[in-house]
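Student: Sequence:
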Amino acid sequence: MSLEIVLITGMSGSGKSVALHALEDAGYYCVDNLPPELLSAFVELEHGRHSNKVAIAMDARSAGGLPHLPGQLERLQRQGVVPHLVFLDATTGTLVRRFSETRRRHPLSQGPVAEGRRALVQDIETERELLGDLREKSHVIDTSHLRSSQLQSYIKELIAAPVGQMTLVFQSFGFKHGLPSDSDYVFDVRMLPNPHYEPQLRPLTGMDAPVAEFLRQQPGVDQMRRDIQQFLESWLDMMASNHRSYVTVAIGCTGGQHRSVFLVEELARHFAPRWPTLCRHRSLDSRPTPKPADLLAHDI
5 MSLEIVLITG MSGSGKSVAL HALEDAGYYC VDNLPPELLS AFVELEHGRH SNKVAIAMDA
65 RSAGGLPHLP GQLERLQRQG VVPHLVFLDA TTGTLVRRFS ETRRRHPLSQ GPVAEGRRAL
125 VQDIETEREL LGDLREKSHV IDTSHLRSSQ LQSYIKELIA APVGQMTLVF QSFGFKHGLP
185 SDSDYVFDVR MLPNPHYEPQ LRPLTGMDAP VAEFLRQQPG VDQMRRDIQQ FLESWLDMMA
245 SNHRSYVTVA IGCTGGQHRS VFLVEELARH FAPRWPTLCR HRSLDSRPTP KPADLLAHDI
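So for the sequence shown, my numbering puts the first residue at 5; every next one is plus one.
The set of hints was computed from the structure by calculation and includes no laboratory data. These numbers were taken from a predicted model, which means no experiment stands behind them. Quick reminder that beta carbons are idealized off the backbone N, C-alpha and C, glycines included. Hints may contain errors.
In silico DSBU-like links for lysine-lysine, alpha-carbon gap of 30 Å or less [unchecked claim]:
#1 K180 to K57
#2 K57 to K160
#3 K160 to K141
Quick list of the computed label-pair ranges, beta carbon to beta carbon [stated by the list, open to error]:
#4 S157 to S6: 22 to 30 Å
#5 P111 to Q234: 42 to 50 Å
#6 S157 to P214: 24 to 32 Å
#7 N246 to L49: 30 to 38 Å
#8 E133 to E237: 32 to 40 Å
#9 V190 to S104: 23 to 31 Å
#10 E105 to P280: 32 to 40 Å
#11 G84 to Q204: 51 to 59 Å
#12 G182 to M243: 38 to 46 Å
#13 M243 to G97: 30 to 38 Å
#14 Q204 to F235: 43 to 51 Å
#15 Q126 to A276: 41 to 49 Å
Could you build the full structure based on these sequences and the hints that come with them?
Tutor: Right, dumping it as structure tokens:
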């Protein structure tokens, strides 16, 4: 029986516990804070023991063992085991706020729980340096503006994608909510005609037929779609040959409701027959006001 492995890493406070809970709900046997140098030995031990699906979380608490991780991953690949590598990230400001709200100590902190902001920022930036190489090898999810339910949904979508084949992730966003840091490519479509200024279209989204029909009739919209499409078609094969597991393409408009949503849907529909494709609408997903219990701030 083949073994499916999901390796969750990332910044402290970025939502790893939420991700592990989502994987546990999906039937994975979950282990938190496994020392990196024990990864391949643990995988060998788990073959056929608990489950054919295993999720492992690693972070800065195991900083001393992180240099061993690339070698451990290469060893697993030689054995035919290719794990999903997922890196959870958030802006420094978001992480500072989450630690401040929970009054928890950062794993790299040597000071008291109520350490100053400057010391906390320094700990966070040190952690970024420690995990930088691992981030480069992983699919990155920026949790800065995500609720727990959104992150759980994104994780479940990722594990459904085939391992060993490059997956395209198309995501829309609104510039007024900030630039998503988990994107490989970002396209700004704010110069296109905006349905927001059509009263009958304002409450709708780019997934609604009237908005789609309006945008198809506007000058420049189809040209933008074809230009993005042509760029990706020119380079996707080379990206895949470079052993990329995921490529995240972000399309941004002002609010992330109309133009970017429409183009993401169009591009995903075009590429889906050839590549495994995921679709996300960050601003639409986050429109309901999150309840306190649904925030990621408690996940430190």
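Student: Are the hints correct? Go through all of them and say.
Tutor: Verification of the supplied hints:
1. The suggested pairing of K180 with K57 is violated, with an alpha-carbon distance near 39 Å, which exceeds 30 Å.
2. Among the hinted pairs, K57 with K160 is consistent with the structure: their alpha-carbon atoms are about 13 Å apart, no more than 30 Å.
3. At most 30 Å may separate the alpha-carbon atoms for a hinted pair to count; K160 and K141 meet this at roughly 20 Å.
4. Taking 22 to 30 Å as the suggested C-beta distance range, the pair S157 and S6 conforms, at roughly 25 Å.
5. Separated by about 45 Å at the C-beta atoms, P111 and Q234 satisfy the suggested range of 42 to 50 Å.
6. Distance hint check: the CB atoms of S157 and P214 are about 27 Å apart, consistent with the given range 24 to 32 Å.
7. Taking the beta carbon of each, N246 and L49 are about 32 Å apart, inside 30 to 38 Å as hinted.
8. In this structure the hint that E133 and E237 lie 32 to 40 Å apart at CB holds, the actual value being about 36 Å.
9. Between V190 and S104 the beta carbon distance is about 29 Å. The supplied range of 23 to 31 Å therefore holds.
10. Take E105 and P280: their Cβ atoms lie about 37 Å apart, and the range 32 to 40 Å holds.
11. For G84 and Q204, the hinted distance range of 51 to 59 Å is satisfied, since their beta carbons lie about 56 Å from each other.
12. A hinted range of 38 to 46 Å is violated for the C-beta pair G182 and M243, which are about 26 Å apart.
13. A C-beta distance of roughly 31 Å is found between M243 and G97, which places it inside the suggested range of 30 to 38 Å.
14. Evaluation of the 43 to 51 Å hint for Q204 and F235 yields a failure: the beta carbon distance comes to about 33 Å.
15. About 44 Å separates the C-beta atoms of Q126 and A276, a value consistent with the hinted range of 41 to 49 Å.
Of the numbered hints given earlier, the model fails hints 1, 12 and 14; all others are met.
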